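Fit chain B to the known structure of chain A by using the hints.
For the record, the sequence lines run as chains A and B. Going by the numbering used here, the letters in the first sequence line up with residues 1 to 175, in that order. Going by the numbering used here, the letters in the second sequence line up with residues 176 to 277, in that order.
Since the hints were derived computationally from the structure, they do not count as laboratory data. Among these hints, one or two may not hold up.
[Unchecked claim] Partial selection, computed: residues in chain A whose CB lies under 7 Å from chain B: (1) Leu38; (2) Gly67; (3) Gly68; (4) Val69; (5) Thr80; (6) Ile88; (7) Leu106; (8) Leu109; (9) Ile122; (10) Val127; (11) Thr132; (12) Leu156.
[Unchecked claim] Here are some chain A residues the structure puts well away from chain B; computed CB gaps all over 10 Å: (13) Phe3; (14) Ala5; (15) Ile6.
These figures come from a predicted structure and were not determined experimentally. Note that the Cβ used here is the ideal one computed from N, Cα and C, for glycine as well.
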Amino acid sequence: MEFVAIKSLVFYAFALFTIASAILVVTVRNIVHAAFSLMIMLFGVAGLYVFLQADFLAATQVIVYVGGVLVLILFGVMMTSGRLDMRIQIERGQFVLGGLVAALILLLLLSVISNTPQWKGIEDDGVILEPTTHHIGEMIMKGEFLLPFEVISILLLVALIGAAMVSRQEVRGEE
Amino acid sequence: MTLQHYLVISSILFSLGIFAVLTRRNAISILMGIELILNSCNLNFAAFSRFVTPPDDINGQIISIFGIVLAAAEAAVFLAIILSIYREFGTIQPDRTDTLKG
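For reference, chain A alone in the conformation it holds in the complex (with noise of 0.2 Å):
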């Protein structure tokens, strides 16, 4: 009873600070703040799928979002800013309407999920399951996901040399 209790305490508390470091990411007006509050939301999404039970997911999150993707957000805004002020702009009209847009976009998905009867009140059986490691590298080396994974690991070539074509300096006096 009293795990339990705890363990729900720590859900919301980690519920809450995604969202509110999402909502910060999307309001705040320093790009600099916006990206640390980015690594707060996605470390807190590693801590939903810690609850989830998805092992491997969770690492895989922290190593390649906060390691990779957020240090290259953090390159991005190092280049490009100068030393301009990293203050974003936004126009009021534009925030009206966004704001009106997202409300209605949320809207519509919690009356989907509110009013889905085959989802509703499926609780965590607390069954613990087995490290899921395992059995994501049979799944994805001899398993059906072979092929999907070869296909992703040509993408990621293809992604990394046409990101380096594409941002390099052109070279005068080349023919």
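Positioned in the frame of chain A, the structure of chain B alone reads:
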């Protein structure tokens, strides 16, 4: 913790991401909004894989991992394009790069 808790969290993240994409006038902030949307999608996959399918079926988690990889590739290409736009125009405000505007 029910399935609906996770769905509500991810729908909030999704609409915040839409809000960021619609209102921010800085390409990198738009990228952050897209990351929010992708995260909400991955969270949904993991939640459905935990609650709806049998316990030892973790296909949803693998789809989430593929989603993370795609997000990383997308961020790399996005930032490369932003860098070359910055070199060309001196700004990364999406409404200032209007050379192709008719």
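Quiz item: Per the CB criterion, is Thr132 of chain A less than 7 Å away from chain B?
Solution: holds (6 Å)
Quiz prompt | Interface exclusion of Ala5 of chain A relative to chain B, criterion Cβ beyond 10 Å | solution = holds (12 Å)
Self-check item: Proposed interface contact between Thr80 of chain A and chain B, which counts if any beta carbon pair is under 7 Å
Solution: holds (5 Å)
Quiz item: Against chain B, does Ile6 of chain A keep a CB gap of more than 10 Å to every residue?
Solution: holds (13 Å)
Self-check item: Interface hint for Leu156 of chain A, Cβ within 7 Å of any Cβ on chain B
Solution: Holds. Min distance 6 Å.
Quiz prompt | Hint check, Val127 of chain A versus chain B [nearest Cβ-Cβ separation less than 7 Å] | solution = holds (6 Å)
Quiz item: Hey, does the Leu109 of chain A contact hint survive, CB to chain B under 7 Å?
Solution: holds (4 Å)
Quiz prompt | Restraint satisfaction for Val69 of chain A [CB to CB of chain B, less than 7 Å] | solution = holds (5 Å)
Quiz item: With a cut-off of 7 Å, does the beta carbon of Ile88 of chain A approach a beta carbon of chain B closely enough for the hint to hold?
Solution: Hint holds; Ile88 of chain A Cβ to chain B Cβ min 5 Å, cut 7 Å.
Quiz item: Measuring from the C-beta of Ile122 of chain A to each C-beta in chain B, is the shortest one below 7 Å?
Solution: With a closest approach of 4 Å, the Ile122 of chain A hint holds.
Exercise. Mind checking the CB of Leu38 of chain A against every CB in chain B and telling me if the closest is under 7 Å?
Key: holds (5 Å)
Quiz item: When you look at the beta carbon of Phe3 of chain A, is every beta carbon of chain B farther off than 10 Å?
Solution: holds (13 Å)
In summary, the structure is inconsistent with hint 2 from the numbered list given earlier, while agreeing with all the others.
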